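Let's have the full structure, built from the sequences with the hints guiding it.
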Amino acid sequence: MPRGEEGPGWSEYVMPALRPTRAMAERELGFIVERAVANFLREHSPEYRRKDITGILIEEEPMGGGFVNYKAKVSYTKVVEDQI
Amino acid sequence: MSVIQDYHLMFPDLSSSTLEIIRHIVTEQGLWRVGKEEGFDLIRDMYGKISSVYGFPTPSLIEDTYEYYFISGERIGLPKVSLVSSLHEYRHHMQKHGRLRFSDVEVDARGWSISAFHYALPEDFDSSWSRGLIWYLPPYPGG
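Going down the list, the protein sequences come from chains H and R.
Counting in this note's numbering, the first sequence runs from 337 upward without gaps.
Counting in this note's numbering, the second sequence runs from 282 upward without gaps.
Honestly, I wouldn't trust all of these hints.
[To be verified] Covered stretches of chain R (in silico footprint by chain H; criterion: 3 or more residues with CB under 8 Å from a CB of chain H, positions within the stretch not fixed):
id, region
1, 339 to 350
2, 353 to 359
3, 376 to 387
4, 412 to 423
[Claimed, not checked] Heads up, simulated EDC-like pairs for lysine to aspartate or glutamate below, C-alpha to C-alpha not over 20 Å straight-line:
id, chain 1, residue 1, chain 2, residue 2
5, R, Lys317, H, Glu417
6, R, Lys317, H, Asp418
7, R, Lys377, H, Glu397
8, R, Lys361, H, Glu397
9, R, Lys317, R, Asp345
Simulated from the structure, these hints should not be mistaken for laboratory data.
Because the structure is a prediction, the values reported are computed rather than measured.
All C-beta atoms in this analysis are idealised placements derived from N, C-alpha and C, irrespective of residue type, glycine included.
Written out as structure tokens, the structure reads:
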């Protein structure tokens with residue numbers, strides 16, 4: 337999974353074409369999210385853990401021929417309490 | 282890396298209609314007192330109302346393991362009822378439809394959601410900040 341950019345409290349990952357169409361990808365959204373989380377943990381554990389992930393922004397990147405890649409921006413901070 | 286800053290002051294000109302909708306869901310509809318299912322319904326209702334203010338389509342909301350916004354599908358996932366988190370993900374929806382003040386979309390979403398809470402419900406905001414219930418803010422002054 338290629339590494340994307342890094343910003344204030346987020347890391348970006350590019351996930352090559354998981355599914356050939358958006359409709360199929362939407363059905364597999366949980367799978368896309370889990371791949372992003374796994375990539376984040378591989379990079380940031382043990383300093384940051386699963387509970388420290390505060391949000392994920394997922395966007396498509398058309399690759400032609402109906403295929404799409406996915407970019408997932410994973411936000412994180414040291415989470416002590418749930419957010420109100 | 283995690284950057285904290287005064288996100289609550291970044292959108293002082295936030296729409297008064299949006300602030301009123303937020304006040305309503307908390308003080309009159311009891312967002313923080315109702316059960317999870319009803320809380321999700323209230324957030325869906327809030328999304329519909331705020332979308333009317335800005336003329337955007339209303340995003341869908343589902344309960345899921347993580348907080349996320351799926352841009353192409355206009356779908357928001359939340360693991361629990363949270364006012365600030367629901368507003369944060371909604372701001373990503375606004376960004377899709379052309380609203381972006383700060384170039385970093387995460388900074389922009391934190392600024393909008395935390396400012397909205399601050400200006401809509403200043404006392405609740407202050408109390409929540411002092412108890413560490415808002416992510417990414419600096420330590421509470423004097424706390």
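Open item on the list: Would the hint linking Lys317(R) and Glu417(H) be met if the CA-CA limit is 20 Å?
Closed with: Holds: Lys317(R) and Glu417(H) sit about 18 Å apart, inside 20 Å.
Open item on the list: Cut-off 8 Å, C-beta pairs, minimum 3 residues; does the coverage of the region 412 to 423 of chain R by chain H stand?
Closed with: holds (count 6)
Task: Outcome, coverage hint (the region 353 to 359 of chain R, chain H; C-beta under 8 Å; three residues) - done: holds (count 4)
Task: Stated coverage of the region 376 to 387 of chain R by chain H [criterion: 3+ residues, CB within 8 Å] - done: holds (count 3)
Open item on the list: Against the 20 Å threshold, does the CA-CA distance of Lys317(R) and Asp418(H) hold or violate the hint?
Closed with: Holds: Lys317(R) and Asp418(H) sit about 15 Å apart, inside 20 Å.
Task: Given pair status - Asp345(R), Lys317(R), alpha carbons within 20 Å - done: holds (12 Å)
Task: Proximity test - 8 Å, beta-carbon atoms, the region 339 to 350 of chain R to chain H, at least three hits - done: holds (count 6)
Open item on the list: Check the hint pairing Lys377(R) with Glu397(H) against an upper bound of 20 Å on the C-alpha distance.
Closed with: It holds: about 14 Å lies between the C-alpha atoms, which stays within 20 Å.
TODO: Please work out if Lys361(R) and Glu397(H) have their alpha carbons no farther apart than 20 Å.
DONE: Roughly 29 Å between the alpha carbons, so the hint for Lys361(R) and Glu397(H) is violated.
The earlier numbered hint that this structure contradicts is number 8, and it is the only one.
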